[in-house]
Every structure is written in structure tokens, then in C-alpha cells.
Amino acid sequence: MSILVHHVSKRFGDFAALDDVSLEVESGSLAALLGPSGSGKSTLLRIVAGLEWPDAGEIVLSGRDATALAPQKREVGFVFQHYAAFKHMTVRENVAFGLRVRRRPKAEIRERVDELLGLVQLQGFGDRYPAQLSGGQRQRKALARALAPEPQVLLLDEPFGALDARVRAELREWLRRLHDVVHVTTVFVTHDQEEAMEISDQIAVLNHGRLEQVGPPRQLYDEPASEFVMTFVGDANLVGGKLVRPHDLELLSEPAGDAVEAMIVRASVLGRDTKVELHDRDGAEVVALLTRDRYEELELWRGQTVWIRPRRERVFAA
Amino acid sequence: MRRPRFGKLGLRSVALTYLALILVGPLAIVFWRTFEHGFAPAWNALTQPDTIHAFELTLLITAIAVPVNTVFGIVCALVIVRRRFPGKGLLNAFVDLPLALSPVVVGLSMFLLYGRNGWFGGWFEDHDIQFLFALPAMVVATIFVSLPFVAREVVPTLREIGDEQEQAARTLGAGSLQTFRRITLPSIRWAVIYGVILTTARCLGEYGAVAVVSGRIQGQTETATLRVEEQYEQFNLAGAYAISIVLALMAILVLVAMTAIRPKEGAA
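One line per chain: the protein sequences are S and Z, in this order.
In terms of numbering that gives the first Met the number 0, the first sequence opens at residue 0 and continues consecutively.
In terms of numbering that gives the first Met the number 0, the second sequence opens at residue 0 and continues consecutively.
Treat the hints as calculated values from the structure; they're not laboratory data.
Treat the hints with care, as some may be off.
What the hints assert, rightly or not - Here are the simulated SDA-like pairs of lysine to any residue, each with C-alpha atoms no more than 25 Å apart in a straight line:
1) S:K86 - Z:V80
2) S:K86 - Z:K87
3) S:K105 - Z:V80
4) S:K86 - Z:L90
5) S:K86 - Z:R180
6) S:K105 - Z:R151
7) S:K105 - Z:R180
8) S:K86 - Z:D125
9) Z:K87 - S:E51
10) S:K72 - Z:R81
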């Protein structure tokens, strides 16, 4: 049930969608492929599913070389961004599809479909057509359909991308809970770093078809391997040529050592933290995150000149 | 209630008058002429053995050409929409060729190909197969002129539904045949039916190409449309009108079938 991507490359004409990507997803884990659009994350997912062919490299599923295997033989479940609902079938028929093409007995299919509709909270919607469901319901239906044949691997391509913010947050949490129940090795593609941080055990960051870093969310945030990861996963400022997280910036009311002069433009209280926006001497914007206590202690005001100093900083080789 | 403005009313009258003059009028006259002297002359004309044979021949050719063009049209649409290959644009354009080309030209070109001195004519002669002036040539000519309709109906529908449903079916364990039968075909079924109806109508009404390649032998290679002209030329107007009426009724039947199907298309 593990996934092994071994030196995979893929070109579309002149465009290198994937450039020598190697990645391992542990059995039973929930992993995110994170990156901006055009980074190759969806292509990688589709190659794992067999919906695209790599130009070079191998895909190994559960220790078995699957590179030349047709998608229908890979035992993967795939969830598409735009649901890919079978429009001429009811919800029940949609969910039952994978079992029917496997010619399972009717009674077994009925039982399994009932179980899955319960799991995705669509009991009572079985006789509806996809057009009669909301976006969130359609995506839950798509998930039930993908899970029905008990796939070894569940792949989701921007599964919440087409949904509005509230439904998106709900489904995201729900997917995490579902994964705790079903335990199928799951990989999902997203361009939303918050989404990736919130629910995954492992995140693989892709940029321009190359794998930048793989690790648990916390490691990516605390120990980014590159400038790209530092700026893409979480916020970062450029202070004196170095990258600094907003909460790693210290504000001083007096000049001290190598502290850089800056002017306060705006301060906004965000619950426990306070976000302070500053302009340095070149007019570049810097954001600092202070605790409420520290903010009140400093008695800051708009237009005030302060000195900023990174507590922790990073320099990446170009 | 708002009264319709004059512009609207004017436009409507133009459209209706045009239809009346071009379509309904002539059809009505044919009806009237046919039954001018009661049903007997029409019935007599229709029950002549040569006329019955002509209808049988038309139906036989249609029964062969429609399934062939349905299969070809679906395959062609799948290739045009789902595959990438050099020369695809050319294929796309060639499918439309029968719409642009006069059927008479089609008939003549078949003469050049299959005639005694044509490219394939010698082969048929060597194998003792009567191609021209016989059923094979008439079927091929009819297939040619009615070729684009299924493909032209199915192509836009295939484009619109995209290939995600097919991909989803593949990941769920369906092979290509299963995917086609359970996903693709049901999604395009209305387009196929619509295309089949248009193809049928075109086959029933074919005249030009068949006129050239059939040799118009009474009781042998004369289709219903050819029979109309033959009767007309022999001043047997009652016969010509009666056959026309049956052809017109067939066309109306096809139209009714099409209208009956349309609303379902919206609901699916």
C-alpha cells in the first residue's frame, strides 16, 4: 500500500512538467503534494494513477512495479477536482460502479453502497442524480465511489478546489477524520499550504517540476530546505538579505547592534497575536507578529521608528 | 399583458410566410393533387409491383447505410475528439465533404473509380461482381452522402462531456470497452439518436448520387425517389404524387420522432 515514485520525468512538448522526481509515501499515511499551479503536482498524481505515462522513471505500488499497468489494474481510487460524476447514473449507481464492473454479487454491492453512503453522510440521497446535489455532496459522493472497490491507494486532485471556503474547511476536516477511520494510503494535491499543513502527515513541495522538499508539516515550516519552501509554506520577510518568519522578528525601540531601522505602518490585533506592518528604509514591506503582551509593553504607535532584528534567520544558497 | 410590438409581429409574419411559400404550400398542393380524384388512383399507383419494389429498395439501402454510418460516425467522433495525431484536421474536414459536395459529383466520381476502366472496376469485373448499376454502388453512394450526420452530432457532445468521467471509470476498474458501453455511450445517446434520425432522413431522400450510379432499371435499381421522377416523366402524375406523399409522410414521421426526443434531451 506504499507508493514509490522513482526518478520520474514527464514533458509536454517543450514544457518539463516533472523533472526527475523521487518520492515515497508510507503505507497508511496521508500525504499532500503542494505547489503553485504548473508545478507538476497534478501530473505526478495522474502518473501514479496511470492516467498519464511518465517519459522516464518508475511507479511502484505496494512493492509491485506498476509503471506499465493500465489504470484499471492499479487498484487506486481517484477523486477529481470537478467531481467527474457519472451524470446519467444515480448516486447509488455511481458508488456501485467500481463493484459492478468487478461483477460482485448484488447483495454484497447493496450492502457496501449502503455502508459507504453512511460513511460520507449521504444516506437518503441514493436515488438522486448528481445534478441534484450540492458541490460538497457531489465531492463526498465521488469519494464514496472511489473508496467502494477498496483501493490500495486513494488519490485526490485538488478535491476541494471547486468549493466555497466554508464547505472547503468542513470537508478538509472531514477527510482527515475519514482517513483516521479508513486508513487507506492517501495522497492529495493542493496549492493551499494551509490545507496541506492542517491535515497531512507528510508534505511534498513541488516547484517547476522539481521536488523541493518532503517532510512533516512542522519540519517544512521550521527547517525549510530552500527559499521557495520558506516563502511558499508560511509567511516570510526579507530583512537585510535574510529570510525571517514574522514571529521571529524582534522589535526594539532603540538602535542596537545590527538591528535595521523601520517605520510602523499599521498594527492589527489578531486575537492572541498582533500583526505589525512596517516599511524598512528602502520602503520594502516587512510583517512582524508579536504577542499581545509584548505589543502592549512596547507602546507602539503608527509612524513610529523602530529597529527590527531577526531572532532566527535563514540564508539559502542561490 | 403586454401587446407584442409591431417589429416582433412583423418578423414573425415574415418567417411564417416564408415557410408557407417554400415548404407548406408545395406540400399541400401535392397532397391535394394526390387525392383530387379520391383514394383509388393513388392506391393503384402505390400497389404497382415496380413501385413496391422501389420502396423496398429504398428501405433496404437505408437499413444498410444507417447502421454503417452510425458506427463509423461514433468511431470518427471519438477519434476526432479524444485522440491527438497528425492529419486530424484533415479528417475533421473530410467528414464534412459530403455536405459540401453535390451528390451528382459523388455519383460521377464513383463511375471513375468503379467503372470498367476505373481503378477498382477491373477488380470487380475479374471477380464477377456487379458493382455499378446494382445494389452495391447504390449503397456506397448513399453511405457517402449520409456520412457526416452522426459524427457531426456526436462531436460537440463528446467535447462538452470531456473525458473525466471516462478517466474516473478507468480508475474504478473498467476496461476500455466497459467504459465505452457504460459511460461514453449513455452520455452521447441523444446525440447518436438525433444523428441516426438525420441520417435516415437523408438516406430516404437521396436522389442525385444514386441516380447516376443505379442505371435506373425499373423493378431492379429504381429507388422511391427515382420512381417519382420516372412516373412524372411518363406523365403518370397520380403515381408520382402518391409516391411523393409516402416519402413526405416518412419525412414527417422522422420529424415527429425528433421532436418527441428533444425535450428528453434537456432533462437528461
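Legend entry - Hints breached by this structure: Numbers 2, 3, 4, 6 and 8, in rising order.
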